[in-house]
Amino acid sequence: MADEKRVIVVGGGLAGLAASVRIAEAGVPVDLFSMVPVKRSHSVCAQGGINACNEVARQQGYSEYQHFDETLIGGDFLNDQHPVLEMANWAPKIIDLLDRMGVPFNRSSEGFRDLRLFGGSLFKRTHFAGATTGQQLLYALDEQTRRFAAEGKVNKMEFWEFLWPITEGEGEDKRCVGIVAQDMRTMQIRSFRADAVVMATGGCGLVFGKSTNSIICTGGAASRCYQAGAWYGNPEMIQVHPTAIPGADKCRLMSESARGEGGRVWVPKKKGDTRRPTDIPENERYYILEERYPKYGNLVPRDIATREIFDVCVNEGMGINGTNQVYLDLTHRDPEYLTQKLGGIMDIYEKFVGDDPRYTPMRIFPAVHYSMGGLWTTYTPGDYQPEAPLGEHKPGNPIPIDAQPGHGLTIGAHNNAMTNINGLYAFGEVNFAYHGATRLGANALLSCIFDGLCNGVSVVNYVREGVGTPASDIPQSVYDNAEKREQEKHDKIMGSVNTGKGDQSLNPYQIANELGEEMNAASTVVKTGPRLEKCLAKLDELWDRYNRMELGDGAMWTNQSLSFARSVGDMIILGEAIAKAGLLREESRGSHYRTDFPERDDEKFWKASVAKFNPGTNKSEIEFMPVKAGLVKLRPRNYGKVDSGTNKEKIPPKQVAEAKA
Amino acid sequence: MSDAEAHAYDADMRRANRKKAVEGRSVIFKIKRCDGPGKPSRWESFKVPVEQGANVISSLKLIAANPITTDGTKTTPVVWDSGCLEEVCGACTMVINGRVRQSCSCLIDEYAPLEGDVITLEPMSKFPVIRDLWVDRDRLFHALTRVKAWVPIDGTYNMGAGPKESPDHQQMRYALSECMSCGCCLEACPQYTKEEDSDKWDTSFVGAHAISQARLFNEHGTGKRLKGDRYDALSGPGGVSDCGNAQNCVKVCPKGIPLTESIGAVGRGTTVHAIKRFFEGKK
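Note that the protein sequences, when read in sequence, are chains A and B.
The numbering used here numbers the first residue of the first sequence as 1 and each following residue consecutively.
The numbering used here numbers the first residue of the second sequence as 1001 and each following residue consecutively.
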């Protein structure tokens, strides 16, 4: 082991790559671990775009402050405010950097970067590359990482699965000094030293079975850090995206940009109308979101759009032909325009459904999409201390906070985006800080890259200036012991091969299916106390079966079943925290909607739910901690919802009665 | 079946199949399996019920949950590579009914519409098998390093915007930039042969995808600074002149990337580059 200090980055999506590039550029060598070649990371699935204040919007009265403010109200004020301010201030500069890296952002006729509308804003502030923006940003960072790898500054460890963070010390002195990982091909388990570890491992969609997430998004890595003592913030905050195509293996996302480019959500006014959508005249269509939210229309935040679609289908039974589906209609737009702006998702719909959405309205339904919750992180605020925080920013007013970096965060402070374990950082989706109770569309790519670029500096400073023994001088026994523990867990699972009589209920794939179905039914769009309690009981049963699980593959080479089976346990543990925090949060806020507590309760719950793992019970202990606010005052969040114009008044009373029955 | 016929089959037949797909049927998956490098291959068949919207991935998942072959033998779950399941990550590429493609977008209704229809799955043949349908595509990514497929930016500090660009030019670059490194073009290419010795990768055929990526970065305002290096890399053995002009690559590219156009453009570029070098007395 060389005596130079090193950093391990786990995960090669946007956050992990941005961090690797930034840290390597500063001269600290990076070992980058990923379960897949980094170019295939889940960031590739992001479609719509990336938000940033820009010159056009600015001259219309928009500002970094407004972006910050929109993100907070979008998140129903559960966000940590200072990092969001810093992120909004950095956003335009991040776009410039991506532009320099060669991202093919769509262009205006004059050659400037084109912009589109997105949810939660009345201004065009979303930059995009067709409808595969995440793919294009990921590729740009993948290319820069490849360059650093060619220069020997980044060491890519692809097809290695993170198993455990190695720590030394206890309590506040607990410090991360490396990881244990497993080669997914040779199955070798070994430890790696590092002076800091950045977790950039994304979300946990697979806990809910079918979601819009990639097959690798089990949340396993985050769950393992949580089991090792890292706190997990706001686990119950799971975003259900309003528009996805239901499928047999996953739900495929139809980007919010479809609505940003004019897509309209509707159902036939006549329940069970069997006509083809194109045969239904305009006045016999119910444009759900436009009628209920005249101000924002189809561009209300995702949690609201999802609940309204759910309401129309499930409560009112008005889904297409009685199914749980609504139309997402773009057929009024020019097909050529759609190909240019949305080609990527047009192709996906056509390939998987068989209809061309340029000529036939798409049929969609909500699906689990994003985890606002994640590893709890802290930071050092910047120098902005508002005497009297402003309320709603009025376009055209002076910007209340200077849009210069360093006002939200103290840039380079060691603890920015650090978990409660020293030297263990969480970047991107796995960081709980930015999106509160709902993430606005096109803010995810931003928060990932921002974490990497801004807080990558913190990692460098921590490694260079941090106290404590360099990882290279820590006794080998610390690493050997961690390795041994993981080997034992591995051997225990391998020991379950062919032990039983092929009981299907002990099959890890079966357990995962039941976990997904249960979590989807109990802990997504609409939650209630009794249903969540039932869910927790079901998780107990699944945990019990998991511990008696029988693995179907005993191979000591490239054993995918083992890797999956191991993550099933991690998913159950994460699911328990998600359900329990949902049960204890007796209010409705953003994506978390409790029919038994339908109002936001700031008095009791303007707080982050922080899950701490109890290794004795294998369960979470939830603590509510104050939200790190102070910049913007609370205000109601309703996006101008109107009661008049709802469907209930427009359809004949008889049908309403039918719908309710 | 000729390439042209195969192509027509792909478009029309699949659409027609979708219409005649029988509900509630089961189909047979015939899968070429291999336990690891150097191990012999074998075929195993599985009978799989077809769910609504089923694709190869959802079928492989059903097999994994209950891996019993058609002759009743219990076996191990099939190993395969996958990621996004919406044809943007490139991971799940394999040879299906003799033709290379992504397995996620391979709908059972289009390939096996009737009861008992057979779908064969094989790993790509141009890369070493790791296990079953999972192959090692390191060489493919190595080719991207070989052609320096990146924009040489000064660094990540804030230095303003990148070069301005016309919408037409952006659309052209975007089309090239959709390459997801899946390897379809390599599997279909007669000039691209399996090479397990990584020492030989720098002199064996680089493949259509990497040539097209070289063109992508040559077309960027800053990226073209490395044009000379890219042409040097593509002038020698295994470079663009190894292309045999079979044009299979462009037929199998799932993203419709104009690969043959790229090969043409880069071919011309390397020629001009070589002449310039000659007159500069560098070669």
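Treat each hint with caution, since some may be false.
[As the list claims (entries may be wrong)] A partial selection of chain A residues facing chain B, derived with a Cβ cut-off under 10 Å: (1) Arg107; (2) Ser214; (3) Asp249; (4) Arg358; (5) Tyr359; (6) Pro398.
[To be verified] Cβ-Cβ distance ranges computed for the label pairs, FRET-style: (7) B/Met1159 x A/Gly27: 13 to 23 Å; (8) A/Pro470 x B/Gly1155: 54 to 64 Å; (9) B/Tyr1157 x A/Asn498: 50 to 60 Å.
[Unchecked claim] Within a straight-line C-alpha distance of at most 27 Å, the following computed DSSO-like cross-link-like pairs (lysine-lysine) qualify: (10) A/Lys492 x B/Lys1032; (11) A/Lys351 x A/Lys295; (12) B/Lys1032 x A/Lys153; (13) A/Lys351 x B/Lys1020; (14) B/Lys1164 x B/Lys1200; (15) A/Lys156 x B/Lys1164; (16) A/Lys153 x B/Lys1200; (17) A/Lys351 x B/Lys1032; (18) B/Lys1126 x A/Lys93; (19) B/Lys1224 x A/Lys351; (20) B/Lys1224 x A/Lys153; (21) B/Lys1276 x B/Lys1194; (22) B/Lys1194 x A/Lys351; (23) A/Lys641 x A/Lys534; (24) A/Lys156 x B/Lys1019; (25) A/Lys351 x B/Lys1227; (26) A/Lys489 x A/Lys604.
Hints in this document: simulated from the structure, not taken from any laboratory.
Idealized CB from N, CA, C, for every residue including glycine.
Outcome of the hint check:
Below 10 Å, beta-carbon pairs count as interface contacts, and A/Arg107 has one with chain B at about 4 Å; its hint therefore holds. Here the hint on A/Ser214 is kept, as its CB sits about 5 Å from the closest CB of chain B, short of 10 Å. Contact between A/Asp249 and chain B, as hinted, is supported at the beta carbon level, the nearest pair being about 4 Å apart and thus within 10 Å. With a cut of 10 Å, the hint placing A/Arg358 at the interface with chain B is violated, because the nearest CB-to-CB distance is about 16 Å.
Look at A/Tyr359: its Cβ only gets to about 15 Å from chain B, farther than 10 Å, so that hint breaks. Because the smallest distance between the Cβ of A/Pro398 and any Cβ of chain B comes to about 24 Å, over 10 Å, the interface hint for this residue is violated. Separated by about 19 Å at the C-beta atoms, B/Met1159 and A/Gly27 satisfy the suggested range of 13 to 23 Å. Look at A/Pro470 against B/Gly1155: about 27 Å separates their beta carbons, and that is not inside 54 to 64 Å.
As the Cβ distance of B/Tyr1157 to A/Asn498 is approximately 58 Å, the hint placing it in 50 to 60 Å holds. Pair hint A/Lys492 plus B/Lys1032 does not hold up; C-alpha atoms about 30 Å apart against a cutoff of 27 Å. Between A/Lys351 and A/Lys295, the direct Cα distance comes to roughly 34 Å. Violation of the 27 Å bound is thereby established for this hinted pair. For the given pair, B/Lys1032 sits about 40 Å from A/Lys153 by alpha-carbon distance, which is inconsistent with the 27 Å threshold.
Distance check on the hinted pair: A/Lys351 and B/Lys1020 sit about 17 Å apart at the alpha-carbon level, within 27 Å; holds. For a cut-off of 27 Å, the pair hint linking B/Lys1164 to B/Lys1200 is broken: about 40 Å separates their Cα positions. About 33 Å separates the Cα atoms of A/Lys156 and B/Lys1164, which puts this hinted pair outside 27 Å; it is violated. Under the criterion of a C-alpha separation no larger than 27 Å, the hint pairing A/Lys153 with B/Lys1200 is consistent with the structure, at around 24 Å.
With a C-alpha separation of about 26 Å, the suggested pairing of A/Lys351 with B/Lys1032 holds against the 27 Å cut-off. Note on B/Lys1126 and A/Lys93: the hinted pairing is violated, with a Cα-Cα distance of about 43 Å set against a maximum of 27 Å. For the given pair, B/Lys1224 sits about 35 Å from A/Lys351 by alpha-carbon distance, which is inconsistent with the 27 Å threshold. Distance check on the hinted pair: B/Lys1224 and A/Lys153 sit about 23 Å apart at the alpha-carbon level, within 27 Å; holds.
Taken as a hint, the B/Lys1276 and B/Lys1194 pair is broken in the structure, with Cα atoms around 34 Å apart against an allowance of 27 Å. Our distance criterion of 27 Å between C-alpha atoms is broken by B/Lys1194 and A/Lys351, whose separation comes to about 31 Å. Our distance criterion of 27 Å between C-alpha atoms is broken by A/Lys641 and A/Lys534, whose separation comes to about 33 Å. With a C-alpha separation of about 46 Å, the suggested pairing of A/Lys156 with B/Lys1019 is violated against the 27 Å cut-off.
Between A/Lys351 and B/Lys1227 the CA atoms are separated by roughly 36 Å; this puts the pair beyond 27 Å, and the hint is violated. Our distance criterion of 27 Å between C-alpha atoms is broken by A/Lys489 and A/Lys604, whose separation comes to about 41 Å.
The structure is inconsistent with the numbered hints 4, 5, 6, 8, 10, 11, 12, 14, 15, 18, 19, 21, 22, 23, 24, 25, 26, although it conforms to all the rest.
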